[in-house]
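*Asks:* Below, each chain spelled out in residue letters.
There are 4 protein chains.
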Amino acid sequence: MTIPADTVSLFDYERRFHERVDPAIRAYIAGAAADGITLRENRAAFDRIRLMPRALVDMSAASAVSTLFGERLDYPIILAPTAYHKLVHPQGELETVRAASLTNCWMTVSTQASVSLEAIAEASTTKLWFQLYMQLHRNDTLTLIRRAEDAGYKAIVVTIDAPVNGIRNDEQRAGFRLPEGVSAVNLSGFEQRSAAPETVGSPVFKGLLQGAPCWDDIAWLCAQTSLPVLLKSIVNPADVVPALGAGVSGLIVSNHGGRTLDTLPATIDLLPAIVAEVSGRVPVLVDGGIRRGTDIVKAIALGATAVLVGQPVLHALAVGGLAGVAHMLTILQTELEAAMALLGAPRLADLKGTIFERGAMASRMQN
Amino acid sequence: MTIPADTVSLFDYERRFHERVDPAIRAYIAGAAADGITLRENRAAFDRIRLMPRALVDMSAASAVSTLFGERLDYPIILAPTAYHKLVHPQGELETVRAASLTNCWMTVSTQASVSLEAIAEASTTKLWFQLYMQLHRNDTLTLIRRAEDAGYKAIVVTIDAPVNGIRNDEQRAGFRLPEGVSAVNLSGFEQRSAAPETVGSPVFKGLLQGAPCWDDIAWLCAQTSLPVLLKSIVNPADVVPALGAGVSGLIVSNHGGRTLDTLPATIDLLPAIVAEVSGRVPVLVDGGIRRGTDIVKAIALGATAVLVGQPVLHALAVGGLAGVAHMLTILQTELEAAMALLGAPRLADLKGTIFERGAMASRMQN
Amino acid sequence: MTIPADTVSLFDYERRFHERVDPAIRAYIAGAAADGITLRENRAAFDRIRLMPRALVDMSAASAVSTLFGERLDYPIILAPTAYHKLVHPQGELETVRAASLTNCWMTVSTQASVSLEAIAEASTTKLWFQLYMQLHRNDTLTLIRRAEDAGYKAIVVTIDAPVNGIRNDEQRAGFRLPEGVSAVNLSGFEQRSAAPETVGSPVFKGLLQGAPCWDDIAWLCAQTSLPVLLKSIVNPADVVPALGAGVSGLIVSNHGGRTLDTLPATIDLLPAIVAEVSGRVPVLVDGGIRRGTDIVKAIALGATAVLVGQPVLHALAVGGLAGVAHMLTILQTELEAAMALLGAPRLADLKGTIFERGAMASRMQN
Amino acid sequence: MTIPADTVSLFDYERRFHERVDPAIRAYIAGAAADGITLRENRAAFDRIRLMPRALVDMSAASAVSTLFGERLDYPIILAPTAYHKLVHPQGELETVRAASLTNCWMTVSTQASVSLEAIAEASTTKLWFQLYMQLHRNDTLTLIRRAEDAGYKAIVVTIDAPVNGIRNDEQRAGFRLPEGVSAVNLSGFEQRSAAPETVGSPVFKGLLQGAPCWDDIAWLCAQTSLPVLLKSIVNPADVVPALGAGVSGLIVSNHGGRTLDTLPATIDLLPAIVAEVSGRVPVLVDGGIRRGTDIVKAIALGATAVLVGQPVLHALAVGGLAGVAHMLTILQTELEAAMALLGAPRLADLKGTIFERGAMASRMQN
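Chains as they are written, first to last, in my numbering: chain A, 1 to 367; chain B, 368 to 734; chain C, 735 to 1101; chain D, 1102 to 1468.
A few of these clues could be false.
[Stated by the list, open to error] No farther apart than 25 Å at their CA atoms in a straight line, the calculated lysine-lysine pairs in the DSS-like style are these: (1) Lys1453/D - Lys940/C; (2) Lys573/B - Lys940/C; (3) Lys206/A - Lys719/B; (4) Lys1307/D - Lys352/A.
[Stated by the list, open to error] Calculated Cβ distances over 12 Å to all of chain D for the following chain C residues: (5) Leu807; (6) Gln825; (7) Val919; (8) Lys940.
[As the list claims (entries may be wrong)] Partial list, derived from the structure: chain D residues whose beta carbon lies under 10 Å from chain C: (9) Met1153; (10) Val1158; (11) Met1160; (12) Gln1273; (13) Gly1276; (14) Leu1288; (15) Phe1291; (16) Thr1431; (17) Glu1436; (18) Met1441.
Worth flagging that the hints you see were computed from the coordinates, not collected in a lab. In this text, a Cβ means the ideal position worked out from N, Cα and C, and glycines have one as well.
Isolated chain A, as found in the complex (with noise of 0.2 Å):
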């Protein structure tokens, strides 16, 4: 598992990933929901986006250090949750959190990790946050929360886009099953929601919705933990209040990487208006497409506290094991800290005003 030499961007990796994987896992690791408008939209977004430096500005003490629920991060970049990193390496998520150790990212664990929350804990030296599906019962919710607790995750993160799964035609097409060996250890035992066993029409409205949690399934899941609550995805500012209400206390904004539901907004766009609902009573995060240091600039400017990436961890993963994560963690770190040198950005609260605004440049000619 060698990385070749020109390996120097999160494209070139996930090129390489395209290259070297097995096409059912591909298409069920990056495919996405329906027509992959979302998933190309969330890119397009952040390249249609212009950046606007100021000139010669001291950069002797720059820094993309800042603090998260009382932490120190040294880089506002966080690993997002995905499932069964045993799909492309064989130990799983447990190279995973060692690449992530050693560049001092955190790490969200994913609820569909293919390791125990346990191991994956006891391999870090970094810090961990814990993600979470809202199971069919309510106890064994609880049972993964105090698991959670007890290997020293220091959050939880839970998923609420996903009441059904999204229209993956991609992974349909290619007709992935989960491989020999790779499971959701950490759900085993636990029921899972089925559908009424019809044979014509639609399933979903059949029972697959069943026990998809509503907002009373989160206020009760934030007070059965200490531990911080964040809500992933947000897409509408108009369910700020009543997550604030539930108790949470942070949100991510997320459309799930372009996976569920086909055609929603890309995540740039939507972060400026929650960002403006929530008006810095807790922390947004951002995800979706996140691929340049020059992205994670655009959402800390428009009100992100930090980023959380995902597919580029898995490409990293399958192409070149720990030195592949951790080599692309370094890449977006690099790359960060370049555009805050190049945009004259000391510190990640200067990026504010680095978005080029074609109507603000227009309205000043007029003066």
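For chain A, the structure is supplied; the task is to place chains B, C and D on it using the hints.
*Replies:* Same frame as chain A, now just chains B, C and D:
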């Protein structure tokens, strides 16, 4: 006639249709007017619209059911009128109507069906509408209406946007002719319009428009039957008032799938102004480019009562016969329910407000 | 020289022209200025415009006839001036004028015709206009006018947008030279402009502009003839007042088909402001990218009295001689009538208001 | 080293450059930062701008001459600073300066020239500017200034937008290293910045920014020389006031050709606001993507005093040496004059108002 396992969306049926069907027949069925700008725009306009979900809504009583002309409609998905089903299946419309019946979808039978309207009605256990082209002689038109009434059809859909054929270059290039054994059997014996026999210049204004219907003819038609009469295709909001004045019971916003006049707007871009003009007095339906559950969601959100699907029926009929059409319709139903679940909209009426408006987001940010 | 049966649109003629004609001649005829941005924009601008039909209009007395300079014009389609028809057909402009006569289309004969203007007039049974480049010496210009008058030409079209040649890279790369036997026979013996013989630097400001016409020359020209003088190419609305002051009888909005200065706007985007400035005082015509009946509809709807077609004439002449040109013109006439029928516009004047304006729709919705 | 006859535009030189030059050298010279968005946007922004000519203007005294820093400038086209001309030609900058002299173009010599600045000055009969990177030690900077003054350079161009290198993935993938015999000879013996020797994490904030210049350094620089000092690259209008306060005599709007920070705006989109802010106090120049005479026209129309061309010089030098560069510059001069002729603008000052504004047209129509 086996359906490959990787046929999981309407686009897959479309692709396989193009792989399997004779080029001249494909050109007739799928060919657009002129340069196909409206055909592609129908799709592009849906793809441009972004959706805005609500989180954690209680979906336990979710349902896509509605009422139309006093009848329960399980899903707001109706088969659009399309000609000559025998072009792609030996059983023609009989096969189609069995699939519609199996999935509880209403079907609109074309004037140009290749099977007698009575035989189709006999094979049906679902509700049927009859699509009518006004004939050169009112007696012939009346004959068609009486036959449809007698056979139990529930509505008349009168198509008004084809006083002459569109400029169908694809079809012309392929040299399409109706094959032996396929004809508009329901029009047998009726006189058709023809151009004056001149040798030079355009034939359009020299007879081909003879007997093309005007508003008086629609008023006459509505007076002849107690069935609801729907007008297809409404494009201009200014035509709503005369249509209601003539006595129609419903409107279908359509550009004939981009097959009559090229560079007409996409139907989904036309819908809102027409819905506003109608102001709830009659139901407004829409067709043109519907391929995804999210397309249906967008149409309903913008004021449609239901959508019609045309081309996908022929694609699926060609690829898989009864099973293909039933499968295709089930995909649409499933995608619609999944979209409602992921949007947090338990009823069709809740889809109002699920359209993302960039401007609205921006103004929210300024408060 | 057979015309394949699948040649059913102007684009088909264009495609076959490129298949059949010598590359250097193609580069001369079809080559754009510089990067072809204006050439493509001429088409793209038409394709962006959406049409808005009225339903069920009485078309029994429909007609595309109009009046121009007191003469009946069967269709608002006139042949634009194009040089050297002998490049693609041994009979040159004689063949073209026979096709124009057969289809009752008026034809503008180029100063650079490869056949004498008198011979063309003799072969014609339709109305002819004469296109004029102002010559270095007024006597030569006057000679051309008198010859055109004597031969029965009905108007003078003076081209003003080519004081120097455009940067025609396609033509330069192909190394085009006029072949033996093809020349501007009507200019035989007239002195032409030439650059000063220097070895370094641009030749443009060193003689090539010598004798380029100014407004005084146009006023002089209008005073020399009782024929209507049309100015081609008007681009800037600010040039309307001086043009009318100089005594011209008509204006042709044109960017020389994208062959002079690249990145000029599309002519259809220029038309409305010029029509507004002219305010009905003289007819305004337009050329540039007309390939469809719907293009003609859009030009008329935006205020043009008629359109001119240039390139398609040469395409059809190369592919099918007289039959090709007559067929091509009949296609345009047929497409125009079909578009009028499908728009519910029985007269050219009814085309006003058939342009779909998104903004207008939106404001209607708010009422 | 023959120049093919079909090399008739700057794009032809670019194409041949890519055909003929070693891939790693191409990647160094032509490679963009990151994803090349700014590189492409520089071009796309020029292509989006539409021009608006005046007809029949008297061009008999037309000229592209202007005055800059008290000197006559034949054409507003100056060679931008580019590094290491020996990469593509054995004579390096000596060959380039001979071509610039032959065509009377001013040339900016790079700090990273591969030939001594004195030798270049000796080979020159045109005016030279010296481009300066502030060195780690002020003494070294001062040495460079004095050498430039002594050699007769007419201005200092201080580049401020590269405190660290951009993320040049193309160059990294190609594994570019300076070949034997090519080096920054003018910097010989000067200490360069280097990163702290750590093994993990980004190197950017660990030493690479050491000694990066601030506004004080620019003020110091301006005080050291009586030559005009130009600042390159200005992007943000907010930097105009500090720049003028520091004493600079001119500004160059630039994004380093898309080679430092990706997703910066196109320079032509930045120019108007900066020109407005400067308000005539000092000349404003612009570079980035200039390939056509119409690009120069647009820059001048939007307020630039002159443009700089960089990449095309290296393309032409690689393809045709002295003859190539002289030819390329003559093409630009010719295209500029042809554009002025076709726009009816006899002087550079007349180019104001030749930009087509859709909005202006629309409002004219409403009067």
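*Asks:* Of the hints given before, which are not true for this structure?
*Replies:* When the structure is compared with the hints, numbers 2, 8, 12, 13, 14, 15 turn out to be violated.
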